[in-house]
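If you read the sequences in order, they're chains A and B.
Per the numbering used here: the first sequence ends with 590, consecutive numbering throughout.
Per the numbering used here: the second sequence ends with 590, consecutive numbering throughout.
One or more of the hints may lead you astray.
When chains are identical, the list treats them as one kind, so a pair holds in a single copy or across two.
[As the list claims (entries may be wrong)] In the EDC-like style, the derived pairs of lysine to aspartate or glutamate whose C-alpha atoms are separated by at most 20 Å in a straight line are:
no., residue 1, residue 2
1, K557, E241
2, K351, D524
3, K342, D434
4, K557, E217
5, K379, D196
6, K264, D412
7, K536, D196
8, K559, D252
9, K379, D412
10, K557, D280
11, K466, E281
FYI, nobody ran anything at the bench for these hints, they're computed from the structure.
Okay, here's what each chain looks like letter by letter:
Protein chains: 2
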Amino acid sequence: MTVSAHRGEILHCLDDPRDHGEQAWQYFEDGLLIVEDGHIGACGEARRLLSGLADSTEIHQHANGLILPGFIDTHIHYPQCEIIAAYGTQLIDWLQRYAFPAESKFEDPNTAAATADFFLDELLRNGTTTALVFGTVHPQSVDAFFEAATRRNLRMICGKVMMDRNAPEVLCDTPQTSYADSKALINRWHEKGRLGYAITPRFAPTSSSAQLHMAGRLLKEHPTVHVHSHLSENKKECQWVGELFPQCKDYLDVYEQHGLLGRRSVFAHGIHLSDREWRRLQESESNLAFCPTSNLFIGSGLFNLNKADDYNVKVGLGTDVGGGDSFSLLRTINEAYKVQQLQAYNLAPIRSLFLATLGGATALDLQGVIGNFETGKEADFIVLDYYATPLINFRITKCKNLMEKLFVMQMLGDDRAIRETWIMGQKKFAR
Amino acid sequence: MTVSAHRGEILHCLDDPRDHGEQAWQYFEDGLLIVEDGHIGACGEARRLLSGLADSTEIHQHANGLILPGFIDTHIHYPQCEIIAAYGTQLIDWLQRYAFPAESKFEDPNTAAATADFFLDELLRNGTTTALVFGTVHPQSVDAFFEAATRRNLRMICGKVMMDRNAPEVLCDTPQTSYADSKALINRWHEKGRLGYAITPRFAPTSSSAQLHMAGRLLKEHPTVHVHSHLSENKKECQWVGELFPQCKDYLDVYEQHGLLGRRSVFAHGIHLSDREWRRLQESESNLAFCPTSNLFIGSGLFNLNKADDYNVKVGLGTDVGGGDSFSLLRTINEAYKVQQLQAYNLAPIRSLFLATLGGATALDLQGVIGNFETGKEADFIVLDYYATPLINFRITKCKNLMEKLFVMQMLGDDRAIRETWIMGQKKFAR
């Protein structure tokens, strides 16, 4: 057995701080994280744990930093790297003007491979260790992505877009080909090492009912795969869904009627939901991805976290690159805080940390393997840098307690605040 | 005469792009900026201008970057550096819990001097070359600030806070002392070198009518000084002003009845304004500072730039540190864009550049000396770096034209995007 240890300030969540207060997290000012064969061996006070280590154990010192579980991004599009920060449109126009042309390039496996490499390196640079990722309609986009993830030994979930209408012809599949291609990808990649597959109908407007039925059939045949789609992002979109699916009660009901809700289903956005939809999300144990930078950048609206909490709907954070304009979960937390401030709802720093780690893991139904430092979990973790910038350095010295420091790192931090990213106990990024 | 030149991509505004379209800006792909004794000697195509230079002229090459006029921050509090990113409150509570305790430390001239140094270095690091700055109630806070600005040869405007009620006693002056102290500071600093003074009543709720009358009297006696205050930031604040000044028509009318409107008056925020107030702002040629990061961070609301444009009210951008959470005008533009997106109003990249440069200069009534590269103006400029981060570098290569590049720098840029900051032709910051 290979054993190593990491000594420094350590913070992680055990549960949702909304419900469990100070019981929901652990902090060790002089902590030790012991890694055994890529998994967490133990996490606790250094003084208590050091004595149990063999003298030969390598101990990594992480001074002036904070060791956290790796960040989890519950909604992102890897083929949209090149259209981050595309000007001047809201959702439907944005898709047609920017997203579809960009995605059409992923027919080429070389484009897909090069972009997947850039994308995953950006994730590591930003401290993101797991993500739920859109590919394009092309199966080769998913092959390229999973190959790049395998090379880095990352826990990643991805899927081929299913889309058979209201999109350029070159980006459309059919109910039959989308079923067959997705099924082949599931067989090729799902649960291979750390990888997982997500059935990925883009969103209700670009799938026929026949295609959504095939998606539901896939889920029945492969109950351990994920479902990844969009829900109620933009008002015009919602109206359009009403016109396209007059037989459905509302937007969520489109997915429900096709058998796509459940504890492994993640719907991005969920901004304009009815109380019925909130209730059905909760009852079906479905999850939402809150993507504040995207919701602001393309002007979609303000996600109501208070309501999600009232209905006990599970929520993760998503950067939604390329609708979102940052790969950083810290920047995402910054804007999540602001979106909630506009609605007079306080998003506490420990809650944000939960959403970006264990909460995200739970939204992906991966809380058994990642999200915190419980013994046996996979050792994906990051080290934040209290000296990341002159301003952070100046500001941190004025903080009176841990929560102030955490909040400062969340509000003022960006990719620079990630000093190191470790995957299964191996250092994969260092500034 | 000392002559030097800067060669590279150059962009600057001549007017407001909203009204003048492509006539409002100049771009030179291979441009030359000639600096003569700290002022702009000429700006144009390198090929045209190079031949007129003496052989001995030093020419600075700025490859893979963009030369812009220095950024102008029309609202910021230097004593609030240490409370950037303070958690969990909206305006009134934020003032009491964070701002007032921080400001009380500025009775100590050493604190003031050290903070002024840190603050001005941060501005330079972020490409901000001129700012309209709040001090504290203590005259020594303004002395320390102007001394630090003088050492860096910066064009800065600052003023001592006037505040005689609804604040901790140690932070209160009186109508008489605020008048006398402000007058002494005006005599000591106003128009000394590049410095300007701003009469600075914090905001209506913390000044008695007697104090605001003294402020108005100061302005009459010193018509070239500025006025700097807050206006209509937060709904509770607006309601409070109504209770405190029942004799006034609305919030703006409080300032108007005390003689404080005019072309050198800058009011931060202006989020919850009536049509009457918009009209009176325009008729009085008063200016607003749009502070998106602050308005989001403390949950104040969404500034309506569309309405400001309809009423032809002059607007500058403000970071509003410490209510705002970034010193960067690029980050401020990012969030300004998002605030307008939420209101379905497109903030074009060239318009944002205008707001951050010539528009800001105009809001400070300094368009005669700074804001663009017209011959004779002071040579304060910055160089943006197209290689600032891996993501910017990746994204810039996909841009098809100047406006896309500018928008990418605005959306993805931060302090790292500022490669150099030059003040009166002297390099004062380089990464």
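Going down the list of hints, with the structure as the test:
When the C-alpha separation of K557 and E241 is checked against a cutoff of 20 Å, the pair qualifies only between copies, where the shortest distance is 7 Å, while the shortest distance within a copy is 39 Å. In the homo-oligomer, the alpha carbons of K351 and D524 lie at most 20 Å apart inside one protomer (17 Å), although the nearest pairing across protomers, at 65 Å, exceeds that limit. When the C-alpha separation of K342 and D434 is checked against a cutoff of 20 Å, the pair qualifies neither within a copy, at 34 Å, nor between copies, at 60 Å. In this assembly of identical chains, the alpha carbons of K557 and E217 never lie at most 20 Å apart, being 34 Å within a copy and 44 Å across copies at closest.
When the C-alpha separation of K379 and D196 is checked against a cutoff of 20 Å, the pair qualifies neither within a copy, at 35 Å, nor between copies, at 76 Å. Taking identical chains as interchangeable, the C-alpha atoms of K264 and D412 are never at most 20 Å apart, the minima being 33 Å within one chain and 58 Å between chains. For a Cα distance limit of 20 Å, the shortest separation of K536 from D196 inside one copy, 11 Å, qualifies, whereas the shortest one across copies, 65 Å, does not. Taking the closest pair of Cα atoms, K559 and D252 come within 20 Å of each other only across two copies (19 Å); inside a single copy the shortest separation is 47 Å, beyond that limit.
Taking the closest pair of Cα atoms, K379 and D412 come within 20 Å of each other only inside a single copy of the chain (18 Å); across copies the shortest separation is 66 Å, beyond that limit. Taking the shortest alpha-carbon separations for K557 and D280, only the inter-copy value of 18 Å comes in at or below 20 Å, while the best intra-copy value is 33 Å. Proximity of K466 and E281 under a CA criterion of 20 Å is satisfied in neither setting, with 32 Å inside one chain copy and 39 Å between copies.
When held up to the earlier numbered hints, the structure conflicts with 3, 4, 5, 6, 11 and fits the remainder.
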